[in-house]
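One-letter residues, chain by chain:
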Amino acid sequence: MELTGAEIVVSCLRDEGVKHLFGYPGGAVLNIYDEIYKQTAFKHILVRHEQAAVHAADAYARATGEVGVAIVTSGPGATNAVTGIATAYMDSIPMVVISGQVPTAAIGQDAFQEVDMVGITRPCVKHNFLVRDVHDLAATIKKAFYIAATGRPGPVVVDIPKDVTQHRCAYEYPKSVSMRSYNPTSKGHSGQIKKAAQMLLEAKRPMIYTGGGVILGNAAAQVTELVRLLGYPATSTLMGLGGYPSPDPLFLGMLGMHGTIEANMAMQHCDVLLAVGARFDDRVIGNPKHFAKEARRIIHIDVDPSSISKRVRVDVPIVGEVAQVLDEVLKLIQADKSKPDEQALKAWWAQIELWRSQDCLKYDRAASVIKPQFVIEKLYEVTQGDAYVTSDVGQHQMWAAQYYQFDKPRRWINSGGLGTMGFGLPAAMGVQLAFPEAMVACVTGEGSIQMNIQELSTCKEWNLPLKVILLNNGYLGMVRQWQEFFYEERYAESYMNSLPDFVKLAEAYGHVGMTIDKPEDVEQALRDAFGKYKDRLVFLNFLTDPRENVFPMIPAGKGLSEMILL
Amino acid sequence: MRHIISLLMENESGALSRVAGLFSARGYNIESLNVAPTEDATLSRMTIVTRGSTDVIEQITKQLNKLIDVVKVQDLTDGSHIERELMLVKVRATGDQRDEMKRLADIFRGRILDVSDRTYTIELTGTGSKLDAFLEALDPTAILETVRAGTSGIGRGDRIMKI
Numbered sequence: 004m005e006l007t008g009a010e011i012v013v014s015c016l017r018d019e020g021v022k023h024l025f026g027y028p029g030g031a032v033l034n035i036y037d038e039i040y041k042q043t044a045f046k047h048i049l050v051r052h053e054q055a056a057v058h059a060a061d062a063y064a065r066a067t068g069e070v071g072v073a074i075v076t077s078g079p080g081a082t083n084a085v086t087g088i089a090t091a092y093m094d095s096i097p098m099v100v101i102s103g104q105v106p107t108a109a110i111g112q113d114a115f116q117e118v119d120m121v122g123i124t125r126p127c128v129k130h131n132f133l134v135r136d137v138h139d140l141a142a143t144i145k146k147a148f149y150i151a152a153t154g155r156p157g158p159v160v161v162d163i164p165k166d167v168t169q170h171r172c173a174y175e176y177p178k179s180v181s182m183r184s185y186n187p188t189s190k191g192h193s194g195q196i197k198k199a200a201q202m203l204l205e206a207k208r209p210m211i212y213t214g215g216g217v218i219l220g221n222a223a224a225q226v227t228e229l230v231r232l233l234g235y236p237a238t239s240t241l242m243g244l245g246g247y248p249s250p251d252p253l254f255l256g257m258l259g260m261h262g263t264i265e266a267n268m269a270m271q272h273c274d275v276l277l278a279v280g281a282r283f284d285d286r287v288i289g290n291p292k293h294f295a296k297e298a299r300r301i302i303h304i305d306v307d308p309s310s311i312s313k314r315v316r317v318d319v320p321i322v323g324e325v326a327q328v329l330d331e332v333l334k335l336i337q338a339d340k341s342k343p344d345e346q347a348l349k350a351w352w353a354q355i356e357l358w359r360s361q362d363c364l365k366y367d368r369a370a371s372v373i374k375p376q377f378v379i380e381k382l383y384e385v386t387q388g389d390a391y392v393t394s395d396v397g398q399h400q401m402w403a404a405q406y407y408q409f410d411k412p413r414r415w416i417n418s419g420g421l422g423t424m425g426f427g428l429p430a431a432m433g434v435q436l437a438f439p440e441a442m443v444a445c446v447t448g449e450g451s452i453q454m455n456i457q458e459l460s461t462c463k464e465w466n467l468p469l470k471v472i473l474l475n476n477g478y479l480g481m482v483r484q485w486q487e488f489f490y491e492e493r494y495a496e497s498y499m500n501s502l503p504d505f506v507k508l509a510e511a512y513g514h515v516g517m518t519i520d521k522p523e524d525v526e527q528a529l530r531d532a533f534g535k536y537k538d539r540l541v542f543l544n545f546l547t548d549p550r551e552n553v554f555p556m557i558p559a560g561k562g563l564s565e566m567i568l569l
Numbered sequence: 196m197r198h199i200i201s202l203l204m205e206n207e208s209g210a211l212s213r214v215a216g217l218f219s220a221r222g223y224n225i226e227s228l229n230v231a232p233t234e235d236a237t238l239s240r241m242t243i244v245t246r247g248s249t250d251v252i253e254q255i256t257k258q259l260n261k262l263i264d265v266v267k268v269q270d271l272t273d274g275s276h277i278e279r280e281l282m283l284v285k286v287r288a289t290g291d292q293r294d295e296m297k298r299l300a301d302i303f304r305g306r307i308l309d310v311s312d313r314t315y316t317i318e319l320t321g322t323g324s325k326l327d328a329f330l331e332a333l334d335p336t337a338i339l340e341t342v343r344a345g346t347s348g349i350g351r352g353d354r355i356m357k358i
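Protein chains in written order, with the numbering used here: chain A, 4 to 569; chain P, 196 to 358.
Hints are computed from structural coordinates only; laboratory data are not their basis. Each hint should be verified, as a subset may be incorrect.
To be verified - Below are the BS3-like pairs computed for lysine-lysine, each with C-alpha atoms no more than 30 Å apart in a straight line:
id : chain 1 : residue 1 : chain 2 : residue 2
1  : A       : Lys411    : A       : Lys190
2  : P       : Lys285    : A       : Lys178
3  : A       : Lys145    : P       : Lys285
4  : P       : Lys267    : A       : Lys145
5  : A       : Lys197    : P       : Lys261
6  : P       : Lys261    : A       : Lys292
7  : A       : Lys197    : A       : Lys41
8  : A       : Lys190    : A       : Lys41
9  : P       : Lys257    : A       : Lys197
10 : A       : Lys365    : P       : Lys285
11 : P       : Lys261    : A       : Lys178
12 : A       : Lys561    : A       : Lys463
13 : P       : Lys325    : P       : Lys285
14 : A       : Lys296    : P       : Lys285
15 : A       : Lys145    : P       : Lys357
16 : P       : Lys325    : A       : Lys178
17 : A       : Lys190    : P       : Lys357
18 : A       : Lys561    : P       : Lys257
19 : A       : Lys292    : P       : Lys257
20 : P       : Lys267    : A       : Lys198
21 : A       : Lys197    : A       : Lys178
22 : P       : Lys325    : A       : Lys190
23 : A       : Lys521    : A       : Lys507
24 : A       : Lys292    : A       : Lys521
25 : A       : Lys198    : P       : Lys285
26 : A       : Lys197    : P       : Lys267
27 : A       : Lys349    : A       : Lys411
28 : A       : Lys145    : P       : Lys325
29 : P       : Lys285    : A       : Lys190
30 : P       : Lys297    : A       : Lys198
As the list claims (entries may be wrong) - The following residues of chain A were derived to be distant from chain P, with all beta-carbon distances above 12 Å:
id : residue
31 : Val121
32 : Arg125
33 : Val128
34 : Ser184
35 : Met202
36 : Asp307
37 : Gln387
38 : Asn466
39 : Lys507
From the three backbone atoms N, C-alpha and C, an ideal C-beta is built for every residue, glycine too.
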């Protein structure tokens, strides 16, 4: 039996096992929406802005490990989706975005709601397709899912002209994909793995540095086992948090621009560095020249060869799936009779403890105003570390990363690479839809939340009981912090003096709103939000210290040992 | 360092723009770029001449390999290879110049493809530097138009890039 292109799209999503589709209808995708209406295999979540559909699908993927799926119409629907696509691309999130396109005959005619989606998204997708023939549709969608999920994951756009959704052909969803031009490496080179195991055992001042690749590659168990087997210090990037249990003493906290002293100093002064699924980016090692001043040997495991030796020369590159490679490394180390040099390791840990004793995450706990760090600590306590935490971008994001002790992978969901304000709320929706029973907290600022606040309406429609933790300091806090440090306190456009009444706003959308302005009320408010109002969306407007800064801080372009401390 | 990077890619619409976009987005140089289908019509062969340090060239080849449509990448300058460029030059050829032009074309083993009473159109192949040398040998005022195809390259002997 022949199906229309629209029926084929919906059948492909069903056969791919998609359970949630985030989107917004429009002219070019009306045929597809008509088929969505007729089916029951998956739910469609209508957002209020296309950017939110893509962020929600992205976070759904981050939390579940499955491919997130979004659908938008042509033209403005497609361009609104671009920020979401770029966000997913920078953080290597597996996602398929279906965009409508004007009919094939109208392409290139500057038709109504026409935009060259393939051209616009080319630099921010893993791959994209324009499907010109209905006969290619099913195979293309299959390829899109395959490319999105394998190797270094990433978003794939499938642009479908309206007439293709009307044309008919026989439907068969391909069982497998074989592409001569795309064969990601999964197994690491055994000789290199041997070298790595040897080098690790010989280390006098070892350091294990893990990134988002550990989360994406489902290698948290292997990382944890390796760190504990060797007794070596471990750190994580912003994207890798939860890859190793944060409360564990072997964990030195996050490294980088707002990393701990102990993590940054150990990174700078180690003699053997194992990097797993991390890419030495500018927010992590700062200035690569400064980083290279200290001699160290580097082992780098990554599924993407182009991430290796990009910013930092590596001695032992290993291309492969991080979990598989670490399994091999673990086997070799367990079988090896030689053990790490205990004396050297003891001295190294003594040095690390000295750095750690500076207690760089201390803040004024006796303050009479609410300290933002305190809110995050209480959030951790009240949720017993078991919440999914999404965030927007800015100071609140760094405090959430520093003070919520993530001990499981896929619980910390934020836009690390692109740094997209407006990510947090739609991300929380995606997570809550994936895990209806879970505690989901969106840590945000009053700048970021307003970039996608319309999604409170989507949350109402779906009764999503997520909690918005607004650290409201009345400033675009991170901008203000940079202006204080580097622009002689000229606070250009970083103060928002016409903020809405967030309680009324939450109520207008049908949710519960609270304003909390005293430290002693913080815990109870959180307990109410996750207890009494368990089944409601609660918007907690915490009025926090407007002058608080994120410490430590490495100014842009400086090295790991050039931190500004409180 | 100058490098000649050869690649085989799926002959899909938009494949060229993926490569060109990669170079501009990441700030890599392109000195010349030349592309056409191979004997297998589903594949295109592209030759890119670029300049960069060893690190940059390593990144370029890795990034090219990462493009989904790219099947194979080879840095021809890694081993022995042959390179050729095609040039068409239209020169003014009047009076005494006609003989002089003909001789010069012969010396450079060029061929005159088209003749009018005022012009010659000369075809020349060779390495880029040979073509440059020919242009330098000409009286600059005699050059009416030049078209260069960009370098094509192939490995010597048994060095073969095929799938």
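With a cut-off of 30 Å on the C-alpha distance, tell me whether lysine 521 of chain A and lysine 507 of chain A pass.
holds (20 Å)
Straight-line Cα separation of lysine 561 of chain A and lysine 257 of chain P no greater than 30 Å?
Given that 30 Å is the threshold and the Cα spacing comes to 28 Å, the pair holds.
Regarding the pair lysine 365 of chain A and lysine 285 of chain P, is the alpha-carbon distance no greater than 30 Å?
violated (76 Å)
Restraint status (C-alpha distance of lysine 285 of chain P to lysine 178 of chain A at most 30 Å):
violated (57 Å)
Is the nearest Cβ of chain P still more than 12 Å from the Cβ of valine 121 of chain A?
violated (6 Å)
Is the hinted pair lysine 285 of chain P and lysine 190 of chain A satisfied, with a Cα-Cα distance of at most 30 Å?
violated (56 Å)
Below or equal to 30 Å on CA atoms is what counts here, so check lysine 261 of chain P against lysine 178 of chain A.
Given that 30 Å is the threshold and the Cα spacing comes to 24 Å, the pair holds.
Assess, step by step, whether the Cα of lysine 292 of chain A is no farther than 30 Å from the Cα of lysine 257 of chain P, and give holds or violated.
Measuring from Cα to Cα gives roughly 23 Å; hence the hint holds.
Satisfaction of hint between lysine 198 of chain A and lysine 267 of chain P, Cα-Cα up to 30 Å
Holds, because 28 Å separates the two Cα atoms, which is no more than 30 Å.
Keeping to a limit of 30 Å between CA atoms, is the pair of lysine 198 of chain A and lysine 285 of chain P held or broken?
violated (61 Å)
Restraint check for lysine 190 of chain A with lysine 41 of chain A, where alpha carbons must lie at most 30 Å apart:
At roughly 43 Å apart (the allowed maximum being 30 Å), lysine 41 of chain A and lysine 190 of chain A break the hint.
Reported absence of asparagine 466 of chain A from the contact zone with chain P (all CB gaps over 12 Å):
holds (40 Å)
Checked against the numbered hints given earlier, the structure breaks hints 2, 3, 7, 8, 10, 12, 14, 16, 21, 22, 24, 25, 28, 29, 30, 31, 32, 33, 34, 36 and satisfies all the rest.
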